[in-house]
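First to last, the protein sequences are chains A, B and C.
Every letter in the first sequence is one number past the one before it in this note's numbering, and letter 47, counting from 1, is 47.
Every letter in the second sequence is one number past the one before it in this note's numbering, and letter 510, counting from 1, is 611.
Every letter in the third sequence is one number past the one before it in this note's numbering, and letter 130, counting from 1, is 943.
Hints are computed from structural coordinates only; laboratory data are not their basis.
Source: prediction; values computed, not measured.
Positions of the beta carbon are idealized from the N, C-alpha and C atoms, including for glycine.
None of the hints are false.
Simulated pairs of lysine-lysine, DSSO-like, Cα-Cα distance not exceeding 27 Å:
| # | chain 1 | residue 1 | chain 2 | residue 2 |
| --- | --- | --- | --- | --- |
| 1 | B | Lys222 | C | Lys1315 |
| 2 | C | Lys838 | C | Lys936 |
| 3 | B | Lys140 | C | Lys1328 |
Not the full set, but computed from the structure, chain A residues with beta-carbon under 8 Å of chain B:
| # | residue |
| --- | --- |
| 4 | Phe19 |
| 5 | Val22 |
| 6 | Thr23 |
| 7 | Leu93 |
| 8 | Asp94 |
| 9 | Ser97 |
Far from chain B, by Cβ distances over 12 Å, these chain A residues were calculated:
| # | residue |
| --- | --- |
| 10 | Leu10 |
| 11 | Val47 |
| 12 | Phe56 |
| 13 | Thr74 |
| 14 | Lys89 |
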Amino acid sequence: MMPVDHLLILGAGLFVIGFIVVTTRKNAIAVLIGIELMLNAANINLVVFSRFDPDFLQGQVFALFVITVAAAETAVALAIVLKVYRHFKTADLDKISELRG
Amino acid sequence: MIELQDLISPTDYDPMINWILLLLGIPLLSFISSLFIKKNAPIWSTFLLLVNTGIAIFMAFSFWYGDSVSIKGVWFTLGDTVMSYSFYLDRLALLMIALVNLISFLVHVFSMEYMKSDRNKPRYFAYLGLFTFSMLGIVLFHNLLLMFIFWELVGFTSYLLIGFWFEKKTASLAANKAFIMNRIGDAGMLTGLMILFAQFSTFDLEAVKALMIFSEIEDGNWVAHFTNNGQEVMNSLDGRWLSAAGIALFCGAVGKSAQFPLQVWLPDAMEGPTPVSALIHAATMVAAGVFLLARVFVLLDAQALEVVAIVGAITAFMAAIAALSQFDIKKVLAYSTISQLGYMVMAIGVGAYSAGLFHLVTHAFFKAGLFLCAGIIIHQLHKLHSDEIKFNEQDIRVMGGLRLKMPVTFLCFLICSLALAGLPGFSGFLSKDAILLNATAWAEIKGGGYYIVIGLAYASVILTAIYIFRLVFLVFTRGFRLESILNKPGLMDKVKEGNLILLIPAILLAVGSISIVFGANVKAENTWFMQFITNPIYLVPESYAAFSLVDLSEATIKSLHGWVAIVSISLAVGGLVISYFLYRPISKKALIFQDAPEPRGALGRISFNHWYQDVLYEKAIVKFIVIKGKALAWFDEKILDGFVNGLAKTQVVLAHIVRWFDKYIIDGFVHLTVSTSGRIGQATRSIQSGNVQTYILSAMILLILLLLWLMI
Amino acid sequence: MIQGILSYIIFLPLIAAAVVLCLPKRLESSYRIVTVVATGLTLLLTIIAVYSFDGGIAENINSEENLQLLEKSEWFSLDLGSLGSFSVDYFLAVDGISIPMLLLASIVLFIGAISSWNIRQKKKGYFALYLLLSGSVLGCFVALDFFLFYLFFEFMLLPMYFLIGIWGGPRKEYAAIKFFIYTLIGSILILIVMIGLYNSVYDPVRTGAEIGVTSIEQVQTMVQSGEVAREDIIKSFNMIYMADQANYIPGSLLSQMSGGEIIGKSARWIAFLALLIGFAIKLPSFPFHTWLPDAHVEAPTPISVVLAGILLKIGGYGLIRTAFSFFPDSAFHYSWMIGFFGVFSILYGALNALAQKDIKKLIAYSSVSHMGFVLLGLAAMTVEGISGAIYQMFSHGLITSMLFLIAGVLYDRTQDRLIENYGGLANRLPRFTIVVGIAFFASLGLPGFSGFIAELMVFLGAFKSSAVIGAIPQWMPVVATIGLILGAGYYLWTLQRMFMGKYWVKKAEWTERLKDLNSREYLMLVPLAVLVFWFGIFPDTLMSLINSSVEGFTDLLNQAIR
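Extracted from the complex, chain A is given alone in its bound form (with noise of 0.2 Å):
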């Protein structure tokens, strides 16, 4: 049995890796791929968690219901993209600054 420490170590570093890459990535892929990363940290620690519930194994449960949100979040997130590609012929996130107040 590994320790729970590890894996929860695992999901934490997952986590910085993804929200360092939503941060400071200017393509949008990259922010979606970064953000895909943090919700897979999400998933470990779900994951992880469910272990104190053997009977019923909600966390993994849930976890797969993230995947499949993922998923569908993705393809949305990524067809957005293309639009908002197609309309500012770039994916560079800082030019795209339509809300500046």
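With chain A's structure known, arrange chains B and C on it following the hints.
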């Protein structure tokens, strides 16, 4: 205690109602159908009137000796008050329906010829039918309200007929004048109706008379006691309203019978066609006032009767003076009519009820006769009109010598004139004598200033003879003055006697003016008229009753009889003689009459202008009312409306001030708030970079900070 | 007899208004047909209602048993907690006072619809507004809930404002605004009194239901003696309840017993005066009449007809229904003043009419004069006087409609209304002259026409008043007879100037335009003339409807005064 409902409850079916409805219906039918059949309207409506006259005369003969018939019914209800109608046929009514129908029929006949060339004939005959209908209404109804209604309708038809030739401005103005003068009288009469209704809750004359008996004067109040539907009623008014009621009812007669001060409309009414003048303004409508006075006679108290007598005498005298100097043949007759009406009214005032009515009947004949004769003259002279011959065919200055060319007319005119002057052998003498006798007896009782009143009446006798024979001499004797005025000798030969359609009515009326018709008598009280139509019993509460009526004894009358007859005959003959010397063919006045100017001198002017009454009314009253109307219109527009508009303007000015306040003070505060929040917004907007990654980063940092804060 | 016939009468024109709004523009010519048909059907329904009306039932004017064709249901009610509940009924019914007005309104609206036949511009708006006006006017005469009455009363203003303001003459905006503001001021006064009344009057039936007592008399005695708790008293806008002094909550401002005061004057007097002024503006009486000449002169013919024919009558009707019924004691207190203003209006209006140059203005001022008779009759407070006032309103509605139609006939042809610009029209327009003659003589009160009967009753009632009830002195009717003379004066003078004499018009081109009446004009004028005759000769037709209600009403007044 007398029960009101018993007095006015509807009567059972009486076959007489059919006759009455027929009498009223035929003239009404004549009115309506004449408007539609157009072409044959004259002959048709004359035929209808003939039928009606037949019915009226038949009724008069068959019911004369019977009891008077009264038929009552319900017209409408007002609250719990029943407004009834009632017909009443007594000898007076029978006499009047015969008289009205007969004269109306004769005038219809006369008009067939007289109006031959007028294109509005149907309208004319329709109006005549309407007039006959309304006049019969006054006579047949015995209810003050319905009498008032027909009374006004008579005034209305008179308006229509005076204004028949409405293209003439004078005619339309005369029609207006007649209607308005009548309206003034009617307004008074309406007041009388109000008073009687307030007191007795009914207009039925029989009921009013019955209730009058039971009314009393208590402490200066006039109190009517009776029961209504079993409930006891005690209506009380100040005693003066009793006199006021009489005088107010008399106002109606003043308007319709052309009494002072409303008589000015009658001379102007001569603008209407001459047959109309004969029918309406001589024989019937103007006599309606006298008829009304006779109907309400027993309700008039001493003061009211005194007013009636004095007004009558004044009218008789004033109009007789005015008739002396007129140039228009119809105007002379009009003033003469006013004067004679004055006699009748005075007769009622002095309590000579039957004498007044007697004069009404005799006057109807001879005055209608005079008018028809004048109509023949006017009609025949009118035929002389051509392109080069133009003149006023009513002006007696152009006439003269017509006796030769129109002998029948002359004869009729003469007979009627003799009757008017009151010479023995003619009807006028009988009635006038009766009036003067009663008036003298009245003055005997009253004494003092009341002799002036009969003095006026006696003066009018001589004046009447003067003006009517002036007319006879100037119109029928000497040469035809139009010839010399137009310088066309031989014009006289073109004047023809009127044809039979014109002459027969005039002849019949002249025959009716001979005293033999009323009995071969020189004493009025022996005529069948005075025998059958007697003074009614006087009903006014005693303290307000006219003592002259109560105290007038047979002996007084007997003692005066001879004297009065002698004086009146000698006055009439005196007038004839004076007239003869002034206007006989070779007199100075007659010779130069063709160029006679308007009279000069104070007396002449007063006479010619009828005491300047018209001028006074025109200048003082009419102008005053019009100016007042204009002033009020100005007040309404400028002051009252100006006030409203001013209010609106003030409001607008106020609104501008408020707007300034609003804009700079209230709104300034609002603007301050807005700009402050705008600046804050400007300051904070830089946070919004538009970069998603910055947002995520800051969100995360804040989340972490939150977590840290929660842990600590 | 049709159930809910009064609702049909009110809503038929309103539905027709909606229909007109929905019809597309290409069916423009059908608007007027819809309008005429709708008002015609309303008239028909009204005739059925009048026919089924029984003039014999009326014991007490302030009891619902006296009412007929009654429709009553709760419309809305708000619970205001400690203030009690605010409830408004949809309450329609007629009695002898409103049924002649309803009949008059239906007749005049129908005639007005025919008269609108040749409106040329903005047809949709015109006919929709006309129908809206019709509905609200009719509603005003049958609503017996004060709130509902007020609603209809106010609702009339809106269409009237636009009808004058858009389709009127040269100074239409001025006239429309003047009319609107004048009437609005009156409405506000009425509104204030309405609120005051609501706070003072309770509903004995509902209150009885609340406390479990069925007999109305018992409820009334219980409330008057203060046995019923404040919260249990249910207030009411019911005008019939307001007419019964036992339905006033003890201690309330307008209760007769408690004698509430405002600035040292009896609150009832002030409330009465407010209602009096509010409705006197509508009537109109001197000195609140100056909106009338302007509104009449500027309004298009059919609107003048409706304005003079019906809207003025709401003033008189309102006075009878509200001011006199609710505050008979105050009415008695002010009767001298009301009578005086009546007489003054009669003479003032007549003298003003004498000075007018514009024929429509003349007719407008003659209306002021004639409505003075209504005030005089009301002030008399006798059966004759009040019957006369109602009869005068009815008759004046018919006659004045005729007069305005006549003015319209002339205006249609020449676009000119000045009397001095015409002369001798009788030569060219003989039939028109006959109609004018009938209308003029009817208006000046010639016997045989309805106006005479009305004026006669007013005179009789007014003269009797001082002896019977002591309301107004005898000189008032006597002085008012001068109005009859002046009336003859201005009408005959106008007739003589315009129709008599040689034919003459100001502009030569008018001559060919001046044609005699066409068939549509006959259709409007002849029925009115016939009605004016009919009601002049057979007054019982109308009197049998109103007699018992008027008696009930005068009993109410008498009781209150004693």
